[in-house]
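Each chain, written out:
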Amino acid sequence: MTGPADDLRSDAELLADHVAGDHDAFGVLFARHRDRLWAVALRTMGHPEDAADGLQDGLIAAYRRAGSFRGDAAVTTWLHRVVVNACLDRLRAAKVRRTEPVPDDHDPVEHDLGPEESAVAADRRTAVLAALAQLPPEQRAALVLVDMEGYAVAEAAEVLDCAVGTVKSRCSRGRARLAELLAPLLDRDEPHPSPGNPSPAGVVPSTDDARGPPA
Amino acid sequence: MTDREEQVRRLLADARHDEPVPADVAARLDAVLARLAAEESDPADDAAAGDSSGEPAAAALAPAETVTDPATGPADVTPLRRRPWGGILLVAAAAVAVAAVGFGQVERGGEHAATSATDTSGGREAEAGAASQAQPPGATALSGPTEAQSESGSTQVSPAHPLTGADAEATLDERYEASGGVLPEIRADHFAGDVRTALEQLARSTALGAPSPRSGAAVPAAPAFPCDPAAWGEGTLLPVTYEGASAVLALRPPTGDSQVADLLRCGTAEVIRSVTLPVG
Numbered sequence: 001m002t003g004p005a006d007d008l009r010s011d012a013e014l015l016a017d018h019v020a021g022d023h024d025a026f027g028v029l030f031a032r033h034r035d036r037l038w039a040v041a042l043r044t045m046g047h048p049e050d051a052a053d054g055l056q057d058g059l060i061a062a063y064r065r066a067g068s069f070r071g072d073a074a075v076t077t078w079l080h081r082v083v084v085n086a087c088l089d090r091l092r093a094a095k096v097r098r099t100e101p102v103p104d105d106h107d108p109v110e111h112d113l114g115p116e117e118s119a120v121a122a123d124r125r126t127a128v129l130a131a132l133a134q135l136p137p138e139q140r141a142a143l144v145l146v147d148m149e150g151y152a153v154a155e156a157a158e159v160l161d162c163a164v165g166t167v168k169s170r171c172s173r174g175r176a177r178l179a180e181l182l183a184p185l186l187d188r189d190e191p192h193p194s195p196g197n198p199s200p201a202g203v204v205p206s207t208d209d210a211r212g213p214p215a
Numbered sequence: 216m217t218d219r220e221e222q223v224r225r226l227l228a229d230a231r232h233d234e235p236v237p238a239d240v241a242a243r244l245d246a247v248l249a250r251l252a253a254e255e256s257d258p259a260d261d262a263a264a265g266d267s268s269g270e271p272a273a274a275a276l277a278p279a280e281t282v283t284d285p286a287t288g289p290a291d292v293t294p295l296r297r298r299p300w301g302g303i304l305l306v307a308a309a310a311v312a313v314a315a316v317g318f319g320q321v322e323r324g325g326e327h328a329a330t331s332a333t334d335t336s337g338g339r340e341a342e343a344g345a346a347s348q349a350q351p352p353g354a355t356a357l358s359g360p361t362e363a364q365s366e367s368g369s370t371q372v373s374p375a376h377p378l379t380g381a382d383a384e385a386t387l388d389e390r391y392e393a394s395g396g397v398l399p400e401i402r403a404d405h406f407a408g409d410v411r412t413a414l415e416q417l418a419r420s421t422a423l424g425a426p427s428p429r430s431g432a433a434v435p436a437a438p439a440f441p442c443d444p445a446a447w448g449e450g451t452l453l454p455v456t457y458e459g460a461s462a463v464l465a466l467r468p469p470t471g472d473s474q475v476a477d478l479l480r481c482g483t484a485e486v487i488r489s490v491t492l493p494v495g
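Line order of the protein sequences matches chains A and B.
Residues in the first sequence are numbered from 1 upward in steps of one, following the working numbering.
Residues in the second sequence are numbered from 216 upward in steps of one, following the working numbering.
Simulated from the structure, these hints should not be mistaken for laboratory data.
Accuracy of the hints is not assured; some may be wrong.
So the derived label-pair ranges between C-beta atoms look like this [to be verified]: (1) B:419 / A:123: 45 to 53 Å; (2) A:163 / B:483: 47 to 55 Å; (3) B:221 / A:20: 42 to 50 Å; (4) B:217 / A:136: 44 to 52 Å; (5) B:482 / A:77: 20 to 28 Å; (6) B:403 / A:119: 39 to 47 Å; (7) A:10 / B:239: 45 to 53 Å; (8) A:70 / B:444: 43 to 51 Å; (9) B:395 / A:9: 49 to 57 Å; (10) B:419 / A:35: 19 to 27 Å.
Keep in mind it's a predicted model, so treat the numbers as computed, not measured.
Glycine residues also receive a C-beta, built at the ideal position from the N, C-alpha and C atoms.
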């Protein structure tokens, strides 16, 4: 099988070849996108094994329903839609480990931080993911796509198969809820206002010459 | 956006997962793809191999059965599960298994006497190795024989088996008639739950002796299900409503320990939604 990096066919060509009976084409296509699909599944499901189940569901669904792809969205958007739908269906069916904690050992250690900072960062990440897990699946999926994965709202709407306004609304409600859940974290990180009068908005340039160091 | 919400956005961005898919998950997905491709390219080998439980393949038990619709897919991707699900899942699996048994019994024609639940359950085991005939993936055309019987005469069909177009439409009409025109409603925002409920209702109605598909002219014609015919693909079909319109719910054959239910649009069989359910 040609590796995904070596295959010069576009996503759309790979999907068309798969539908036409090329048994390797879908593997190349999926390998090209599976890391991002995995990230979305993991953050949407909240647990690695649930994410693997959701991603597998999505893989099978996409493989079998490739013929229904009409080309009105990018292939990668369609793949994300299939995987996100598979994950959401699992969440709605409560086929997930809702009460299990997010495993600490599954996320990367931030090597460029010192041990203490790294521990703080890991704690913060764990708290964020735990709070995210408390949101309704639709809000969670919207936030994963928009705020984590950096999708434009319009593209997230395509993935989620809903209106742009719906995505905005889900994100807004989700962020508001997370702000409540993460209040201690936000309060800790928020810069405390200095006592007394607030600082002036702008810096007023001095008309005096700059002073040199003391003699 | 408030400052707090902006802070939340930053926290979420920091919690983004940037690592590649873990090796074990990648291997699992590769195994899925390999199995899907292998079953499309050489269904005979797969059928002969049987399933991982050591049960004989469905083709051996039911030589007349031909699985033709790759949209419903190959049957055995059992190795893809790394560990069994928890107790809550077993309940769901049992419910779906019951539904599948009910479907298996309802789906059979009148000339094929109803077999016991044990038989049907055995059939489900066997169908884990069912062959699928090579066909371009994603296609939903329906073809091939519709029933399978073992040489002993007992029906060994899987809970979901291929139907010809006429048989499929007749089955839908009969289930529509049995419902008294009150079809299960599948709601967009409760999709998975409503699908499970519909399957469970059908299983219960079957267990209570609800009408099964008729055979021949001995039974009067049923009122037609208001849904344009289409190539529904292989599987057990149930008339439903979705967003106020008629639609068809197709329970596809099991794939290892999971089973896909597709909601199909009348007239085109376009897949509107889909959900993967555990089987027992």
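Each hint, compared with the structure:
In this structure, residue 419 of chain B and residue 123 of chain A meet the distance hint of 45 to 53 Å, their C-beta atoms being roughly 49 Å apart. Between residue 163 of chain A and residue 483 of chain B the Cβ separation comes to about 24 Å, which falls outside the hinted range of 47 to 55 Å. The given range of 42 to 50 Å is respected by residue 221 of chain B and residue 20 of chain A, whose C-beta atoms sit roughly 48 Å from each other. The hinted range of 44 to 52 Å is not satisfied by residue 217 of chain B and residue 136 of chain A, whose Cβ atoms lie roughly 21 Å apart.
Separation of residue 482 of chain B from residue 77 of chain A is about 26 Å and conforms to the stated range, judged on CB atoms against 20 to 28 Å. In this structure the hint that residue 403 of chain B and residue 119 of chain A lie 39 to 47 Å apart at CB holds, the actual value being about 44 Å. Restraint check, residue 10 of chain A to residue 239 of chain B: a C-beta distance of roughly 30 Å breaks the suggested window 45 to 53 Å. Taken as a hint, the range 43 to 51 Å is violated for the pair residue 70 of chain A and residue 444 of chain B, whose Cβ atoms sit roughly 22 Å apart.
Look at residue 395 of chain B against residue 9 of chain A: about 53 Å separates their beta carbons, and that is inside 49 to 57 Å. The hinted range of 19 to 27 Å is not satisfied by residue 419 of chain B and residue 35 of chain A, whose Cβ atoms lie roughly 44 Å apart.
Taken one by one, the earlier hints fail for this structure at numbers 2, 4, 7, 8, 10, listed in ascending order.
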